[in-house]
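4 protein chains.
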Amino acid sequence: MRILFVGDVMGEPGQEMLEQYLPLVKHKYRPQVTIVNGENATHGRGINERVYKKILKSGADIITMGNHTWDNREIHDFIDDAKKLIRPANFSAHKVPGKGYAIININQIKLAVLNLQGRVFMNPSDDPFAVAEKIITELQEKTDVIFVDFHAETTSEKEAFAWYFAGKVSAVLGTHTHVQTNDARILPGGTAFLSDVGFTGPYNGILGMKRENVIERFLNQMPTRFEVDETGPQTFSACLVDVNDSNGQAKRIETLQINPDHPWMD
Amino acid sequence: MRILFVGDVMGEPGQEMLEQYLPLVKHKYRPQVTIVNGENATHGRGINERVYKKILKSGADIITMGNHTWDNREIHDFIDDAKKLIRPANFSAHKVPGKGYAIININQIKLAVLNLQGRVFMNPSDDPFAVAEKIITELQEKTDVIFVDFHAETTSEKEAFAWYFAGKVSAVLGTHTHVQTNDARILPGGTAFLSDVGFTGPYNGILGMKRENVIERFLNQMPTRFEVDETGPQTFSACLVDVNDSNGQAKRIETLQINPDHPWMD
Amino acid sequence: MRILFVGDVMGEPGQEMLEQYLPLVKHKYRPQVTIVNGENATHGRGINERVYKKILKSGADIITMGNHTWDNREIHDFIDDAKKLIRPANFSAHKVPGKGYAIININQIKLAVLNLQGRVFMNPSDDPFAVAEKIITELQEKTDVIFVDFHAETTSEKEAFAWYFAGKVSAVLGTHTHVQTNDARILPGGTAFLSDVGFTGPYNGILGMKRENVIERFLNQMPTRFEVDETGPQTFSACLVDVNDSNGQAKRIETLQINPDHPWMD
Amino acid sequence: MRILFVGDVMGEPGQEMLEQYLPLVKHKYRPQVTIVNGENATHGRGINERVYKKILKSGADIITMGNHTWDNREIHDFIDDAKKLIRPANFSAHKVPGKGYAIININQIKLAVLNLQGRVFMNPSDDPFAVAEKIITELQEKTDVIFVDFHAETTSEKEAFAWYFAGKVSAVLGTHTHVQTNDARILPGGTAFLSDVGFTGPYNGILGMKRENVIERFLNQMPTRFEVDETGPQTFSACLVDVNDSNGQAKRIETLQINPDHPWMD
Ligand SMILES: [Fe+2]
Ligand SMILES: [Fe+2]
Ligand SMILES: [Fe+2]
Ligand SMILES: [Fe+2]
Ligand SMILES: [Fe+2]
Ligand SMILES: [Fe+2]
Ligand SMILES: [Fe+2]
Ligand SMILES: [Fe+2]
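Chains as they are written, first to last, in our numbering: chain X, 386 to 651; chain P, 386 to 651; chain U, 386 to 651; chain C, 386 to 651.
Careful: at least some of the hints might be erroneous.
Claimed, not checked - Within a straight-line C-alpha distance of at most 25 Å, the following computed DSS-like cross-link-like pairs (lysine-lysine) qualify:
1) P:K553 to U:K480
2) P:K495 to P:K636
3) C:K519 to X:K519
4) U:K553 to P:K480
5) P:K480 to P:K469
By construction, these hints were calculated from the structure, which means they are not laboratory data.
Throw the hints in and build the complete structure from the sequences for me.
Shown next, in the form of structure tokens:
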């Protein structure tokens with residue numbers, strides 16, 4: 386099967402990019418399933434039910450999250466019933482709502498999607514290696530096709546994670562830095578890897594936030610309210626992975642960007 | 386002029402990649418000047434005089450550094466006389482050897498190369514924005530062509546830095562994460578930008594270090610000695626920037642990788 | 386002269402402790418000057434003009450700040466005119482309002498009060514050692530009595546700072562951890578030192594915040610709004626330093642606490 | 386029973402202080418059991434078998450550790466057989482040697498000693514709250530007297546931990562900062578608490594390390610080798626806790642220091 390993964394959708398601009406380009410990208414590349422990271426979907430911080438439904442309507446099958454999972458309090462209103470939303474599986478086990486993985490059927494094939502968060506330079510969480518090992522072992526009894534969104538800051542943790550699970554999962558695609566990396570490859574054993582898919586939203590902001598605010602904070606270290614940059618051009622960052630359904634091994638990985646420097650071509 | 390910038394050269398494998406490919410790359414792309422980040426050149430940690438000279442001999446004109454500058458103590462033996470070596474300019478002013486920028490003449494044109502280090506998730510240093518502003522203002526009286534190696538961890542600090550100095554320097558190219566990003570672009574005012582150039586060294590290690598050691602530390606959080614992975618294939622990561630000599634504005638930026646997934650083609 | 390220094394005043398409960406006990410403490414110990422850290426004075430985050438004036442009325446001569454300086458936006462309304470308020474002197478020089486030190490006259494003797502912030506495990510700031518060295522050198526031309534509130538997280542940075550400036554200033558008293566340390570001493574050269582003075586506010590909260598909220602965040606790592614604990618008993622944390630006016634050397638340092646475990650005795 | 390807890394013993398000077406004062410302290414205060422944190426006992430970094438035995442011979446019954454547990458590689462030679470050594474229980478479960486708690490008999494009463502490490506501003510580890518909850522629940526079936534050495538950096542994590550387990554354990558005493566705090570108290574339910582016991586070793590170093598080296602690093606941010614300060618006076622930092630054997634509730638907590646500012650008095 387072909388999996389399309391879209392990186393962190395950022396606010397209204399990101400939602401609009403999804404609405405506009407997801408149909409075109411699907412029409413051109415024909416993925417069987419579309420996964421979207423939605424941790425920044427509502428005003429750049431978390432996600433509420435309206436936007437959750439909007440992204441599904443735009444064509445997502447599963448929405449993954451990250452360190453911004455709880456930023457929008459409205460998530461508590463719907464996360465228990467949101468079958469298509471997963472958040473990092475290694476969040477604390479102490480009464481934390483939501484779930485860390487989902488299994489969906491794609492033409493008789495089961496696809497497991499697992500979301501995890503790194504620990505280096507991030508808030509404390511349970512050990513992503515240990516938690517993943519446990520869940521992946523369980524999932525392997527149900528399917529060979531396992532897709533991981535590893536939401537992490539450093540390249541070292543992302544590479545270590547991918548190499549450790551190489552041959553055990555179909556893909557480890559990173560998110561969180563909002564910048565697409567140029568290291569897409571198939572690791573031994575058939576695991577597609579990309580350090581970071583990049584994000585989907587304002588192209589001339591800083592990680593999607595208004596430049597002035599972010600720069601001002603770097604200059605004077607005083608608090609400024611970061612807001613999604615609602616003006617200017619947008620970017621769409623994604624990755625396509627082709628998986629051999631019979632054994633779960635990835636055969637091909639390709640990155641995708643749509644923005645003024647990478648204009649869309651049908 | 387055309388500038389070639391090669392990302393963090395890692396140990397013997399990285400030195401060998403330079404030796405082998407720098408001549409070929411130069412022959413094919415014809416850069417007028419070659420800048421190499423050498424912070425990991427000697428056994429992955431710092432640089433000594435032998436390797437400094439070897440990299441120059443391989444074809445580098447200027448060597449930049451980063452957070453690993455002082456890791457190899459032999460640097461103190463030659464840094465004061467090393468005209469072609471610069472280290473982050475925003476290191477403390479307190480009796481720190483070395484210099485943060487260099488000016489070289491390329492066919493009658495002065496090229497200033499400036500090295501800086503970020504502060505987010507890195508050891509404390511002087512403010513890179515303030516230090517850069519001061520130095521760039523001085524350099525602008527001497528030349529329009531200013532190249533910056535901004536050695537930093539986070540994409541936010543790199544983007545903020547680049548946008549803040551957009552139109553004031555010819556290029557802001559990032560280093561440190563050892564993973565090439567896919568965001569090369571020309572910012573308004575003619576500033577070439579790339580979050581990270583990537584590194585040059587072992588392709589199947591983790592950031593160039595032996596996988597087993599790094600993975601082990603992630604699994605059990607116990608200290609392991611990281612060593613450069615001396616086996617297996619290598620990668621060469623670089624970036625080419627074309628600058629308009631008359632005004633210092635970048636016209637073109639292109640990334641380059643040589644490794645099993647991106648084989649060299651003459 | 387005798388200097389009384391009161392640690393981080395926390396919200397309404399802290400203000401009330403000041404109002405109630407500052408007169409009693411002054412009456413008993415007869416300090417010539419009272420310095421109060423007010424970075425948490427308004428609802429635990431920053432300070433506004435009303436509370437600034439209230440603390441002065443309660444008996445403070447100078448108010449120092451820390452990493453929470455800008456948390457309450459109302460500070461911008463009065464900081465430019467607030468002669469008795471100082472904030473860390475090593476905040477960025479880039480258009481940051483306020484000042485980092487103040488000089489006041491105490492019975493014909495000039496007392497300089499300097500506020501600085503550490504860098505380890507704190508937001509980036511200018512180098513506190515370099516900034517302090519510059520300012521202290523200037524201040525020494527005006528007075529021998531220099532008092533430093535060094536607002537920092539780690540004991541190592543606090544001790545290093547104090548030992549480096551030992552013999553150059555009358556006192557280095559730490560703040561920020563909200564827990565009084567038991568290491569008050571006079572360093573060689575006559576510099577009084579205490580890693581942390583502790584805080585003034587709710588005694589049964591966590592650093593003065595409601596326990597339930599803070600514990601909940603440690604248990605599940607989910608965001609909770611921290612609020613000043615407005616119930617239960619209070620604590621008053623302070624330090625007294627006796628300085629020889631003729632040479633600025635500290636002769637004596639003593640900590641002070643008032644709370645259910647250290648009841649006030651006249 | 387009366388428990389004596391001695392904070393981080395630092396190198397030769399720390400060992401000597403133990404040898405000299407432990408007998409005197411025991412003679413004066415008559416504790417039934419002595420617990421010593423030994424994470425810095427061998428040259429400031431970890432512990433080897435010779436020093437382990439020496440500290441036991443000086444009078445320790447149990448030795449606890451912290452983030453420096455693995456610094457001295459010789460620990461691997463004896464940790465599996467070291468019945469009186471425990472290391473933080475929340476270290477990764479992945480093939481990590483050693484154990485996190487021990488139970489000893491003191492005059493027919495079982496005393497459980499548990500070692501844990503914090504996560505804020507420290508290397509990643511398993512959740513100390515969750516791990517402690519599980520172990521303490523198990524231990525409570527065997528004894529009411531549970532002593533915890535919580536090795537952590539921040540006062541917030543220490544206070545949150547102590548309040549969360551208040552009434553469930555006899556004592557939560559902190560270590561790691563090497564500076565004794567002045568907040569000893571009995572929390573509701575009979576849990577003795579002290580944020581940090583302080584350390585045992587060189588009194589005029591910085592956290593026990595030679596001042597020059599540590600200060601130099603703060604001044605220029607360049608690597609220096611930290612070494613235990615072997616000259617000058619020493620300090621001995623400890624805490625005494627009286628526990629009601631019948632219900633495990635602490636009745637009294639008192640700190641102890643021996644150094645030039647707190648001379649020993651028989
Ligand atoms: Fe994101
Ligand atoms: Fe994120
Ligand atoms: Fe590097
Ligand atoms: Fe680096
Ligand atoms: Fe505070
Ligand atoms: Fe603070
Ligand atoms: Fe220690
Ligand atoms: Fe420690």
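To see whether the hints hold, each was checked on the structure:
1. Between K553 (chain P) and K480 (chain U), the direct Cα distance comes to roughly 21 Å. Compliance with the 25 Å bound is thereby established for this hinted pair.
2. Only pairs whose Cα atoms come within 25 Å are accepted, and K495 (chain P) paired with K636 (chain P) is accepted, the gap being roughly 18 Å.
3. Restraint check for K519 (chain C) and K519 (chain X): the C-alpha separation of about 19 Å stays at or below 25 Å, so the hint holds.
4. For the hint pairing K553 (chain U) with K480 (chain P), the CA-to-CA distance comes to about 21 Å; that is within 25 Å, so the pair holds.
5. In summary, the hint linking K480 (chain P) to K469 (chain P) is supported, as the alpha carbons are separated by about 20 Å, within the 25 Å threshold.
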